[in-house]
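Peer 1: Given two chains presented individually in distinct reference frames, assemble the corresponding complex, making use of the accompanying hints.
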Amino acid sequence: MIEEFRLPDLGEGLTESEIVAWHVAVGDTVALNQVIGEVETAKAVVELPSPFAGTVTAITHEPGTTVEVGEVIIAFEVEGPAGASGPDAEAPQKRVPTLVGYGADPESSSRPARRARAFAGAPATTTTTTTVAASAPARLPAVLPAVPPETPPAPSARVQAERPRSTPPVRKLARDMGINLELLAGSGERGLITRGDVVAFAEDQPHGAGTPVAVPASSAGPAQTAGDAAREVRTPIKGVRKFTAAAMVQSAFTAPHVTEFLTVDVTAGMEFLARLRGSRAFADVKLTPLTLAAKAVCIGIARQPSLNSRWDEAAQEIVTMNYVNLGIAAATPRGLIVPNIKDAQALGMHGLAEAIGGLSSTARSGKTPPQDLAGGTFSITNIGVFGIDAGTPILNPGEAGILALGAVRNTPWEYQGGIALRQVMTLSLSFDHRLVDGEQGSRFLADVGAVMADPAMALALS
Amino acid sequence: MSKLTLTQAINAGLRKAMEDDPKVVLLGEDIGTLGGVFRVTDGLMKDFGSHRVIDTPLAESAIIGTAVGLAYRGYRPVCEIQFDGFIYPGFDQIVSQVAKLHVRTHGKVTMPLTIRVPFGGGIGSPEHHSESPEAYFVHTSGLRVISASNPQDAYTMLRQAIECDDPVLFFEPKRRYHSKGEVDLDADLSCAPAMGAARVVSAGTDATLVTYGPLVPTALDAAKAAADDGVSLEVIDLRSLSPIDYAPIVESVRRTGRLVVTHEASETLGLGAEIVAAVTERCFNYLEAAPVRVTGFDIPYPPSKLEKHHLPDLDRILDGVDRVLGRPNSLSGLEG
Chain C
1 MIEEFRLPDL GEGLTESEIV AWHVAVGDTV ALNQVIGEVE TAKAVVELPS
51 PFAGTVTAIT HEPGTTVEVG EVIIAFEVEG PAGASGPDAE APQKRVPTLV
101 GYGADPESSS RPARRARAFA GAPATTTTTT TVAASAPARL PAVLPAVPPE
151 TPPAPSARVQ AERPRSTPPV RKLARDMGIN LELLAGSGER GLITRGDVVA
201 FAEDQPHGAG TPVAVPASSA GPAQTAGDAA REVRTPIKGV RKFTAAAMVQ
251 SAFTAPHVTE FLTVDVTAGM EFLARLRGSR AFADVKLTPL TLAAKAVCIG
301 IARQPSLNSR WDEAAQEIVT MNYVNLGIAA ATPRGLIVPN IKDAQALGMH
351 GLAEAIGGLS STARSGKTPP QDLAGGTFSI TNIGVFGIDA GTPILNPGEA
401 GILALGAVRN TPWEYQGGIA LRQVMTLSLS FDHRLVDGEQ GSRFLADVGA
451 VMADPAMALA LS
Chain W
463 MSKLTLTQAI NAGLRKAMED DPKVVLLGED IGTLGGVFRV TDGLMKDFGS
513 HRVIDTPLAE SAIIGTAVGL AYRGYRPVCE IQFDGFIYPG FDQIVSQVAK
563 LHVRTHGKVT MPLTIRVPFG GGIGSPEHHS ESPEAYFVHT SGLRVISASN
613 PQDAYTMLRQ AIECDDPVLF FEPKRRYHSK GEVDLDADLS CAPAMGAARV
663 VSAGTDATLV TYGPLVPTAL DAAKAAADDG VSLEVIDLRS LSPIDYAPIV
713 ESVRRTGRLV VTHEASETLG LGAEIVAAVT ERCFNYLEAA PVRVTGFDIP
763 YPPSKLEKHH LPDLDRILDG VDRVLGRPNS LSGLEG
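Respectively, the protein sequence lines represent chains C and W.
By the numbering used here, the letter at position 140 of the first sequence is numbered 140, and the numbering carries on one by one without gaps.
Each number in the numbering used here comes from the position in the second sequence (counting from 1) with 462 added on.
Extracted from the complex, chain W is given alone in its bound form (with noise of 0.2 Å):
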């Protein structure tokens, strides 16, 4: 086990699979010489070289179509987006090539990109460097999308992301970059739980928290609160977003009856309407209350002195849980 930040996790990963598969190939701005704006790829253009470490031009839809004839022809491409708001450029290469070749082409071609994108806020960045678009990717079939919250994770999961044959969006928390966290840089992979799988990081009785990427760790402190409160929170870190391992959530759900889904992403057609949705079909009737969704607001990202406002925050969080469990909120008295 070795201690590391989540950047450096992430780095081991991309190092062990480079090491295990000569046809990993990293794209992408500056990760090269430069080794990526946050680091993430120190050191890799010095041991793998730049044939295997390639510093593109600032053009997300050529990495990605790069990537996609990279992938034609057997490679296993991992994509850099520098920034979350950076990956509008590539997005019609990702929904409309990389989401639909496998099917185009009667499962002949597989697509087996990883497209690695720091996201979220709370850097005190702007807008473009502060975004949360999983939802796009979420909505398009033919897509994985997958978010790791701690380094352990950070590192298993992008080996399986690498590993599997289907394109794979990798959301990196990019506000938890520095947060250091034992690392079995060792482990068999075929041990470790499945790309896909949702898990409890909390047991608790009172209700469900669901969340994913960089809410976990303000969730787990959420329910430490909610404890010196008499509450107990079960906290379940999704892990996957596309698809959702609904199974410990409706398991979860069907013993608390009231469930709050949080992200930093805006409420409107997030994965919190999505979640609720499906959880209120599976689990409708096990609710003892209306589920409630704790998200940033429906705005573009605000300047950075503001999004402590915008960003779900602990107060925020417990108060969604309040409003599920019947106790005075923010809300009281104006709720039809």
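Chain C on its own, in the form it takes in the complex (with noise of 0.2 Å):
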């Protein structure tokens, strides 16, 4: 089929133009964008690129004529139906150019988005919560009504209030202290809230009334400084504590605890891990009763499958596990997270000892990926370290049981009938007691126990 090419308006000030030179004669064979020929308009030689792939059938004027903006001036064979490569296809907008400019942007139809930054990741400054108080007034808004915006209102909009009238520092201090100054009565000029006010707020708190002591700040995030008037510093409960208070919330009332105790002999034990500490092949790592622990548990779980079980609410069901992620529990400066060494009871000591170095020394630096902390089926806490004997430690949610370590003390004991100085211990064991029976919890104990005294019993029980 023919398609006609006619001089375009080339912008800015064109009504005609005049053919300086023809590049094709008829019954060449142009390619699209190839330069046909030039025109001379007001202000410059321009080079005319052809719109359309196809073989050259007429030229309609020749070199020197000047010619009306709109005129044919020349004409094409190409293949396929009218208008699939001319320029007035329905194809995707195209600057248009003028003779100042290559012209506008294009408008994209897809959805704005933003170029990836460099540090997108890093933490804000400072929050950005913007409170909606719910039970304002509805305002009238602002908006005109003649063009309908291109974003709908959202309702939450209509119904937010001005923010509390204060001052910069005063916000910043209400900040620091975490009041939310909405819930503030300013005493200043028409309502303004003053330093006074956030001041004497954060005093008249109903916490700790009676007894007004310093809270330190807690673990929980960078600590919040407070005026030296604070009796209290008021810490938003956020990140890993509360994380944490919700985990221990929901096992500590879903899961029936019970606790056991067994007092242990673990001389024979630790004289074992010296003994191991001396050979080369564990030269690399750090062996500690934790270490040692970690092995009983694995050896006790295999005898005793219940205690590395899960409760399914949902199925109705109760998964038991063929492998052991066994938790470690870890103060960092952050707060207490719990990572798990994936498929423990595959590892032998040195492994053991590695996976645990390796655990501590990432949650310490506040790195532990999500993966680490995802499902674990059985974990340990060695209170010991801070020289606490025993205690009745909190499931972690999605497990059957946890191991708290006491502290390994030189305590006089009976041995061989009389009474020794020998290295005791305290191991205490909480258990879901959907999950576990008695018979099943004190078993997986007294081998645990087991183990930690004679580490030659691991060949008796494994």
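Hints may contain errors.
A few chain C residues facing chain W, derived, Cβ under 8 Å [stated by the list, open to error]:
(1) D105
(2) A113
(3) R163
(4) S166
(5) R171
(6) L192
(7) E317
(8) R409
Quick list of in silico lysine to aspartate or glutamate cross-link-like pairs, EDC-like style, CA-CA up to 16 Å [to be verified]:
(9) W:K485 to W:E625
(10) W:K508 to W:E481
(11) W:K767 to C:D105
(12) W:K642 to C:E107
(13) C:K342 to C:E354
(14) W:K478 to W:E625
(15) W:K478 to W:D650
(16) W:K485 to W:D627
(17) W:K770 to C:D105
(18) W:K642 to C:D105
Calculated directly from the structure, the hints in this document are not laboratory data.
Every value quoted in this text rests on a predicted model; they were computed, and no experiment measured them.
For glycine and all other residues, C-beta sits at the position ideal for the given N, C-alpha and C.
Peer 2: What follows is the structure, given as structure tokens:
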């Protein structure tokens, strides 16, 4: 079919142009955008690119003639249906060039989005929570009705109230103290919230009433500093602290806990560790009672699998795992976290020591990846490092048991029919009584104690 | 309602004003025979004659000066300045005569001029063709300065400007000339929002983003991208740059506590500086963060291949939003 090419309106003052030269003749094959000729406008000689790929069938104006904008100047035989490759085809929008520029960007139909930024993952310097006072009276929108806004207003935006009036330094003080200004009544001019209002509000808080003690900033997040006048420090509940609290509440009120204690003479176990420390094979790892306990737990679980099971309320099933993802509770500057050693049952003493060392150093540096925190099946918490003997640990949600290791102490103990100073520790085991009966829990704790007391028992038990 | 480009909407506005009032005459370079370099006045000379659509010499001072004389005699001249950067030869006439004659004659003479100025960059043009000189005229008392961001506003506000007895500079966002929108050509002007009224074009709760003219669509895009990021932006189209309608801005900032102003014109003594100062005075006790300006840089307009780095875009605007929200941003760690 035949496509005609009309002298284009090149913009800015152009009504006619002189054909300067043709670079093609009738019968020539032309590629898309090939320069086919030159036209002279009032300002410049402009090359004409071909809008079509095809064969030239006619050239209607000779060089030297002046042509009105819109007149046909050349025609092509092209393949395919009419308009398929023509400039008027309903193709994606293109720039519309003018003689003074290459034209505006075409409008994009895709959803606008930001480019990637190097600092996008960094922590925010201030909280950006915007409180929406749902009870505030609806405010008249300052929206003119003539043109509907492109983005429909969010319903919540309509009930958003003015924020409380204060001054920037007082806002910073309140932010640092974790005080929501919306809860305060201002005593200043026209209800302005003053520094005194914020300080007085902080002192009037009911928490710790009667015994005003300065609560030290907890380990959750950077310490929130307050003025010297503050007798309490209020720390927003967030991050690890918030997560830990929710997990503990969930665990304590869904899993019925039972805790049992066993005090054992671990002198032989400690001697065994000392011997391993002296061997070249273990020179590169740190061996502690925790390492031995980790191995003992794996052996115990093999004999009492119910300690390594999970209550699936939704499916009404008990899931017993044939692997042990052994959680090791770690105190970090950000709070308590429990990363776990995947497939701990497959590891020997060396592997366990290596894994525990890796987990705790990663945890202390705050770089524990989320996958290390998920999927635990049994946990150990080493309260002995704080000099504590026994406790009633709360289960990590979704796990059936948790073992607390007490401090290893030199204690007068019955030994070979007499009293001797022995290395003794207490093991505290909490278990979920939905999954584990007293019998299994007790046998498990006895097995762990037996291995701790005499590592050779590992041979007999596994 | 008709779907028109911004250019066609302005053309329709001029046509309507000329039909309604025989005293409306157009003056400008290439506006008659050619129909304007952007085809804004296309067909008007044919329909209204060369005595009402006047092709002038390339002399902006003479265009404005002639219009002043016409206004003295009761006409309503509409001048086209071909490009923003060509207005400077007419600057003396605008600030010394147009802005002052009403006061100088104790109100006996009005200056119902409309001066249409295609402005702003983004069309790949060099200096003189991409500038944003609006602040010069906002700074001068006695002038009204407005800018439309969409075809409906362009149609309505141009008619209001021509009908207004005060001199009005009408800044047209030339990179949006080809944007299409629904335009109600038959709407009664008395029902339209006031020419000087700002408009909330996207409601939000976390920060207020103020802009005008060519950056309004960019700001709306930014609001959409921010929404995907969990940030709710309130976008306000100023529409009138002089006088500025502060009521909706103040109302918004008292809710959000955060303000970002963006324009193509350079930062120093630009509209953003004025708006930030005025809003800080009115909303000091509500501000959660120092207001931020996102503007063209304080440089002569760059070569066209570099203009995309000069003009505020979605990313630079949202970086400004990050600054007022205290989120990580390009200046993190650099602010004192």
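Peer 1: If a hint holds in the structure, say so; if it does not, say that too.
Peer 2: Hints, one by one, checked against the model:
no., hint, result
1, D105, "holds (7 Å)"
2, A113, "holds (5 Å)"
3, R163, "holds (5 Å)"
4, S166, "holds (6 Å)"
5, R171, "holds (6 Å)"
6, L192, "holds (6 Å)"
7, E317, "violated (37 Å)"
8, R409, "violated (49 Å)"
9, W:K485 to W:E625, "holds (11 Å)"
10, W:K508 to W:E481, "holds (14 Å)"
11, W:K767 to C:D105, "holds (13 Å)"
12, W:K642 to C:E107, "holds (10 Å)"
13, C:K342 to C:E354, "holds (13 Å)"
14, W:K478 to W:E625, "holds (11 Å)"
15, W:K478 to W:D650, "holds (12 Å)"
16, W:K485 to W:D627, "holds (13 Å)"
17, W:K770 to C:D105, "holds (10 Å)"
18, W:K642 to C:D105, "holds (14 Å)"
Of the hints listed earlier, those the structure fails to meet are numbers 7, 8, in rising order.
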